[in-house]
Amino acid sequence: MSGDGRGDGRGAPRRTTGLGRVLVALYAVFAIAAVSRAAVQIAERFSEAPLAYALSAFAGLVYVVATLGLGRTGPRWRRAAWVACSVELVGVLVVGTLSLADARAFPDSTVWSGYGAGYLFVPLVLPVLGLVYLRSEARAARAGR
Amino acid sequence: MREAFPVLVEFTPVSGALVAVVCSLALLMGAWAVVTAARDRRVGRAHLVGLAVVELAVLVLLVAGVVRLVAGPRPEELATSIAYLVVAPFLLPAGTLWTLADRSRPSTLVLAVACLAVVVVAYRAFLLFEVTA
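Chains A and B, in that order, are what the protein sequence lines are.
What the first sequence shows, in our numbering, is residues 259 to 403, in sequence order.
What the second sequence shows, in our numbering, is residues 35 to 167, in sequence order.
Worth flagging that the hints you see were computed from the coordinates, not collected in a lab.
Mixed in with the good hints, there may be bad ones.
Simulated coverage check for chain B against chain A, where a stretch passes if three residues somewhere in it have a Cβ under 8 Å from a Cβ of chain A [as the list claims (entries may be wrong)]:
no., stretch
1, 112-124
2, 135-143
The calculated label-pair distances, taken between Cβ atoms and stated as ranges, are [as the list claims (entries may be wrong)]:
no., chain 1, residue 1, chain 2, residue 2, range
3, A, R330, B, L112, 33 to 41 Å
4, B, L62, A, L356, 24 to 32 Å
5, A, F304, B, V165, 15 to 23 Å
6, A, L389, B, R75, 40 to 48 Å
7, B, L112, A, G376, 17 to 25 Å
8, A, R337, B, L131, 25 to 33 Å
9, A, R303, B, A80, 45 to 53 Å
10, B, L93, A, R337, 36 to 44 Å
11, B, T166, A, A396, 49 to 57 Å
12, B, G50, A, R273, 23 to 31 Å
13, B, L112, A, V341, 33 to 41 Å
All residues carry an ideal CB built from backbone N, CA and C; glycine is no exception.
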């Protein structure tokens, strides 16, 4: 995959273009999946595993912020995307480790359990891709392309 | 979960064969989108026809799912199963609209993401419908 498709020099579009769009699409899928999963879990059986389900809801929220932050342009959205992707990376690493180390604390799995193994490890890869994209975009902007 | 193959007498409108067809078509379409992006071509009418075929298969799966919910044994995770059926038909139209809205080269890859999402949703729905209460 080449990185030259980013942007097409039409001033500053309001929405992210190019490769970033693919990332936004991936994030949108995960935002919908995580939020709806959390909604079902909390509505049906919150008391069974309150920690895991609250975490699911939190993860969903982070994905929504990341989707919006990457999908829109402007410094505020970008900052939101930075924070969301960082929180996500820390979250998937911490929760992934905890879910393996202390399985009893997580009787039901979340998106981040086992480093996102239930979701083909996409939850682990996504924040890294997001941060790489944000960095390359910031660099390109600084270089005044 | 699925120790044995489903017995023929069992009522399974959401069959493995149907899900396999949906997944294969979606994978083919996704691969086509990747090739299109790699060759730096734009999404054209042929792609839309292909997407329509995949969407048709998804709709058949949706009907099968509804038939199963109405007539067959209820899946254990009822709410989740319904959610999968509801989301499934919207994936490709959303991806298509998005791709057409920004006709840049990588934008074509959004179609591949949507197709992959269809594969995952169809397969997960299949697993959910296998586990009955």
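Hints breached by this structure: 4, 6 and 12
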